[in-house]
Amino acid sequence: MKNFKRKTIYLIIIILSLASVPLRIHAVKAARGKTIVSFYGEWKKAGKPVEVRVIKAGDVPVYAQFTVRIVDGRVARGFVTGEVKNALQEGQEIYDPEDRFVVSARLKSIGAELDMDAGMFPVEVEFDKSRDPSVAFVVCAHTSTLHNVLAVPNEVLDIAGDEYFIWKDENGLAKKRKVVIRLRNGYGAIISEGLQSGDKVIFSGQSMLEDNDRLLVVDAGETDKKEQIQ
Amino acid sequence: MIEFFVKHKITTVMFVLVFVVLGFFSYSNLMIEKTPKIDFPIVTVSVTYPGANPLEVETLVVKKIEDAISEISEIKKIKSQSYDSFGYIFVEFLLSADVNVKSIEVKDKVEAILNDLPDAIEKPVIEKYDPLIEPVLDMVLSSDSGDLREVYEYADKTLKTKFSSIRGVAKVDVYGGEKRQINVRLDPMLMKQHYISINEVIAALMARNKNVPAGDIEKGYDALSVRFTGEFTSVKEIADTLLVSSDGGEFHLKDIAAVEDSYKKISTVARYNGKPVVGLSVNKASDGNAVFISHQMRKRLAEFQKSLPQGMHLEIATDTTTFIANETLDTERNIFIGIVLTIILLLLFLGRWDMSFISAIIIPTSIISTLFPMWMSGFSINMMTLLAIATVIGTLISNALVILENVMVHLSRHDNPEKAAIDGTKEVLIPVIASTGTNLVVFMPIAMMGGMVGLMMKSFGLTVVYATCFSLLASFSLTPMLCAAMLQPQKTEKPFRPGLMQMVISRIRMIPISVDKLTEFLKKQYKHIFELMFRFPRSTIAFCCLALIGSFLLFSYVENDFQPKSDEDKVIINLSLPQGSTVERTEEAVKHIEAFLDTIPEKRAYLSNIGNNGVENAKVTLDLIPSTERKRSDMQIIDDLIVFISKMPDVEAYCVRQGISSMSEGDVAIDLYGTDYTVMVDLARQMKDIMNKSGDFQSVVLSYKSPKKQMSLVPNEEKLNEFGLNAASVGAVMRYSIYGEDSNIYKEKGEEYKVNVEMDDVYARNFDDIKEISILSRKGLIPINELGELKIDKAVPTIWRRDRNRIIRIDGYLGKSSMVIVSKKLDKQFKAINFPSGYNYKYSGYSEYMEETNVELGRAFLLAIILTFMLLCAIMNSLIAYPLAVMTTVLASVAGMVLGLFYLNQSMNVASMMGMVMLVGMVVNNAILLLDQTLVKMKEGLAIKDALWQGASAKFRAIIMTSFAIILGVLPQLWSLSKIKQSMGAVMIGGLLASIIFTFILVPVVFWYLERFERRFIKH
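Each protein sequence line maps, in turn, to chains F and A. Quick note: the first sequence, position 178, residue 179 per the working numbering, numbers continuous. Quick note: the second sequence, position 910, residue 1202 per the working numbering, numbers continuous.
Rather than coming from a laboratory, the hints here were simulated on the basis of the structure. Note that the structure is a prediction, hence the values are computed from the model and not measured.
Cβ pair distances, simulated, as ranges:
1) A/G507 with F/G74: 45 to 55 Å
2) A/S599 with F/G74: 45 to 55 Å
3) F/K45 with A/I1037: 50 to 60 Å
4) A/L838 with F/H27: 14 to 24 Å
5) F/K45 with A/A1124: 18 to 28 Å
6) A/D539 with F/T82: 18 to 28 Å
7) A/E414 with F/D129: 43 to 53 Å
8) A/H587 with F/H27: 47 to 57 Å
9) A/S925 with F/K45: 17 to 27 Å
10) A/K301 with F/K6: 50 to 60 Å
11) F/D100 with A/P410: 40 to 50 Å
12) A/E414 with F/D100: 37 to 47 Å
Interface residues of chain A toward chain F, partial, derived using beta-carbon atoms under 7 Å:
13) L482
14) Q990
15) S991
16) S998
17) K1086
Every beta carbon over 12 Å from chain F, so not counted as near; a handful from chain A, in silico:
18) A499
19) F596
20) L747
21) A887
22) G1150
23) K1229
24) W1300
Idealized CB from N, CA, C, for every residue including glycine.
Sequences and hints are given; from them, build the entire structure.
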């Protein structure tokens, strides 16, 4: 009886030891198989974060920048090239280049004669208040308007060789689309092909994108003047 | 000798005390460090090449330096990285190399080719590199006024000098803030009006800003120094510098430029708890003591704060020694708990205070004495030496226990304590020497291991050797002497008188009696098993073999990595924005993360370092409250951070726990080799995709970053000739206009400040603005864009090289599983990628260290087994039965080790592998005890089986007691903060438990077979 009891205990110990192995293996497998929090997992679940703007065709103002120096109280003098001179009109608003919605001066006069020393045409602007005569001021003036165009900031353009691309949000998926640029300069790119009015263009987040990635739009809106052209 | 120690009690006490006293005095001289001091044979060369793109840095600087350096002998590997304006070369030498000599050789090689390198590079910086070194402290200086230029000025000119004066400080790096600089911002429109280009402006300023010593005028005995002092004395003077245009017009600098006493364009930003600060990283010298530096800084903090200008505040942002102190305290606490547990075990087994005291006294005497040779060897108190002491506690006492147990046997026979002590000790001389010898021969290979791991383990191995030697010394001197002096044969207990105190005492006395009963019960059970073993000896061996094989099969369920990371109350968030991002954009992203950090309740503080490694990169160090006071682990906090950061556009990030080393490599790092970069990028992206889809990684980061856009002027040779210009002059004008030219110096109050001349930012923003840059040609002032075609394309990405081949590094940061397991899985999946000929990948980083460690530890393990076997053969003068039977426990212990790791959820890593080597010496001790007694009984004429039972029965208690003493000594490691210690604890406990079981089951049967085999076939 005593021997039987002992053998039973030994058997129980052996069974328990053996049973613990698959249990532990199961725990290890569960730990290895568990879903972890990862960047890839989050992007798969919610999409890659992007900022999107709806691009609409519109008029885009073009500005020219020049430097003036105070000559008398509020009046400052500077020079512009012939091309700029032809686009300017006396009395037009002059802006601060940092904020083109703030009118800081008006164009007082445009010299008709070329200044031989400077090789440019003189202009005079009148500030709304008197300014420090020892400092030179950079100002900008509206010179022309591009009518009914689709414009995007240069930063959103992707380049590969001679071709340009933009990333679009098409039904929540990222699509890299080839575009043709009609005009491009320091203040933006006017797209002539590959972009339609109303298209959603990805303004930030494109560095992480691959075609057909799901998108998580963290900021959406329409382009305003400020974003279209700087 | 033993007789001498027993009879000369004072001499013995003094003999032991000499080492204890020396140990005490050595303690104050021992440095406290995180890891052992190692001279890593690594030299780095950093070269700044302002304005150059990565390709130019690679071809014009890095390649040339690599070629020159590669001629040096004993190079193990050369790695390099070429960034915008900066190149970095990392040369690792063989361990046998003297890093100081190699550093000089590298310096000589670089200096020899200086003339071949571009003139525009700054002087190459050649330094020895220690991957384990990190700033001791990060101090932050802020101001109520928010004037960061003033703050930087004070940090750079005053505090830096003060901090550097502290003993052991090698350098203090200042980052963030605004560095004072005189900015000359040229207006291109006004320059055109005045008919001048930037070259003339720079030349005029250089010519004006001169002090020239003109020599001495001597008259009689007197000499009068003559100097021309034309240097600028004020910023106004700079603004008033007279310029002459090419048409002869004269005007002042201020007429065409804004001259400002301002600051250098910000490229690094430091923020502490969301506020802009200036950071000061205090780095220790290779022989400096981090704890001392931290202590001194804290001690003098009040003094530094007192001398600060009004409104400035100085704080300690991060202090790495806090972790060292906590870690040291944790290990010391574990050592203390280990000692207490061991003493309790002795009390339970022995049931007598005097006996427990005699055995337990060995532990402190050995540990304290060990400090003396540690100091003599130039070791420090660090995680390795402390781990060595923590691991060896139980082993220290085992010799004394064996002696004590035998003395008690003699005492019960002779009733003369002195004779019992001498005879009892002499009798167990061989097993004690044998078991200590096996310990020593095992640790010697550990101490002599090669590779980086060998350097790390040297102090570990030798500390154990020192402690074991002192325990042996004390066991043969102090233990018998104390036995003779203190032990008396147990007398009959006095009858208890009723009373509370007596009740308590009687209860306490019952515990050892119960332990005795339990031991007897176990022995009785073992008797049955013993009979069963010899009734079915082959089945017993088969059963044991099956158990061993089964255990080894479980190895695939044990995680396997190089160095597990623990919750060290610190999380590091590394983030990168797209190439071409400005520091302001990176700062915006950091501010966004900081706002999230403010919502984390476990946050203690955070320090953001933006632009330290390129303006697109930032590092945020989040300090957490101690893990014991937190509800969430650091990994749970990292999970939350990942969820948050994953919703930030254009932010590539990885969050890591603070580790032992400051290595920036991922848990799984892969170098992809090839020739064509486009193909490599494609392959790297496929590999990254596979890694991401594996579900094991929290983040996967490529060293290749999509390059930023660049505008380039492709010159038209005809135009250049027509205008009488060359590429160098046009390039210089473009560079000065956009990047700036700052070689001119303005001096004030003995300090030097750069005068930077560049085009006004208002005219250096857009594509069109480049047209505003003018250059003076023989046909007059012309816009620079007339000299060629302006093109926009992609810049060259950062270029990484290894052993002079281009590579792309893929760093994977694990969220689960471990390096080796995941690497094997990845290897299978990478087979799906079609690698063209000449393209392949190789695991690097930790994987390389792991490979090296496996080889070294494997070698040490093999050597340990051979030496142990040889020692056993020598001691017992036996070649087969005794040594082979004893050695079977080694095999058993390896199985136990696997089971320990398997059941206690620990990984196989460098520490557990080391534990495995250590076990070789420890686990054989039980078998030595058992078989030694068996041999005695056999000599008395008993049959093998009977002798084996007598031996096992006689040493049953001693084996159980010594094994559990060792187990209890290392048991606290399982609850340690450090994963490394936990895994070592698991290995030791698993191995020792297995050794107890197999010593009683496998060893007798194997010995029985081998002894019969030896008797039959081999005649000694």
